[in-house]
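Student: Sequence:
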Amino acid sequence: MAKNDPTTEQELREKAAHHAEQAYTARQAGDRFLADANHTEAIRLNNKAREARRNK
Numbered sequence: 001m002a003k004n005d006p007t008t009e010q011e012l013r014e015k016a017a018h019h020a021e022q023a024y025t026a027r028q029a030g031d032r033f034l035a036d037a038n039h040t041e042a043i044r045l046n047n048k049a050r051e052a053r054r055n056k
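Quick note: the sequence shown uses full-length UniProt numbering, first residue 1, plus one each step.
No lab work stands behind these hints, which were simulated from the structure alone.
You may find that some hints are simply not true.
[Stated by the list, open to error] Label pairs and their computed distance ranges (CB to CB): (1) 18 / 53: 17 to 25 Å; (2) 47 / 21: 29 to 37 Å; (3) 29 / 54: 31 to 39 Å; (4) 30 / 53: 30 to 38 Å; (5) 53 / 24: 21 to 29 Å; (6) 56 / 27: 31 to 39 Å; (7) 24 / 50: 30 to 38 Å; (8) 31 / 51: 25 to 33 Å; (9) 34 / 55: 12 to 20 Å; (10) 55 / 28: 31 to 39 Å; (11) 10 / 32: 27 to 35 Å; (12) 11 / 36: 21 to 29 Å; (13) 55 / 31: 31 to 39 Å.
If you're wondering where the values come from, they're calculated on a predicted model, not measured in any experiment.
Think of the CB as a built atom: it goes at the ideal place given N, C-alpha and C, for glycine as much as any other residue.
Let's have the full structure, built from the sequences with the hints guiding it.
Tutor: The following block contains the structure:
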C-alpha cells in the first residue's frame, strides 16, 4: 500500500464515495469506460472497509 492510501474504515468509505460520485459524473458525461473504472474502484474500497470493520 502506498503511503497515502486510506486505511481506516471511515477513510475507505469516504474514498469509495468519492469514486462513486466520479463514476456518476463520468456516466452523465457519456464516458462509460471511466464510469466503470470508478465504479469498480468504489466497490473495491467498500469491500476493504467491510474487511477493516470485521478485523477491528
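Student: 21 to 29 Å was suggested as the range; check whether the CB atoms of residue 11 and residue 36 agree with it.
Tutor: Since residue 11 and residue 36 have Cβ atoms about 24 Å apart, the given range 21 to 29 Å holds.
Student: For the range 30 to 38 Å, tell me whether the beta carbons of residue 30 and residue 53 fit it or not.
Tutor: 36 Å, holds
Student: Quick one: are residue 47 and residue 21 within 29 to 37 Å, going by C-beta?
Tutor: 18 Å, violated
Student: Between residue 55 and residue 31, is the Cβ distance one that fits in 31 to 39 Å?
Tutor: Holds: the Cβ-Cβ distance is about 35 Å, inside 31 to 39 Å.
Student: Against the range 27 to 35 Å, how does the distance between the Cβ atoms of residue 10 and residue 32 compare: consistent or not?
Tutor: 30 Å, holds
Student: Taking the CB of residue 18 and the CB of residue 53, does the distance hold inside 17 to 25 Å?
Tutor: Distance hint for residue 18, residue 53 holds at roughly 19 Å.
Student: Lying within 12 to 20 Å: is that true of the beta-carbon distance residue 34 to residue 55?
Tutor: Violated, at about 32 Å.
Student: Falls inside 21 to 29 Å, the C-beta gap from residue 53 to residue 24?
Tutor: Cβ of residue 53 to Cβ of residue 24: about 25 Å, so the range 21 to 29 Å holds.
Student: Looking only at beta-carbon atoms, does the pair residue 29, residue 54 fall within the given range of 31 to 39 Å?
Tutor: 36 Å, holds
Student: Is it true that residue 24 and residue 50 lie within 30 to 38 Å of each other by Cβ?
Tutor: Once the Cβ atoms are compared, 21 Å apart, the range 30 to 38 Å for residue 50 and residue 24 is violated.
Student: Given the hint of 31 to 39 Å, check if residue 56 and residue 27 actually sit that far apart at their C-beta atoms.
Tutor: Holds, since residue 56 and residue 27 (Cβ atoms, about 34 Å apart) stay within the stated range.
Student: Take the C-beta atom of residue 55 and the C-beta atom of residue 28, compute their distance, and say whether it sits inside 31 to 39 Å.
Tutor: The hinted range 31 to 39 Å holds for residue 55 and residue 28, with Cβ atoms some 36 Å apart.
Of the numbered hints stated above, those contradicted by the structure are hints 2, 7 and 9, listed in ascending order.
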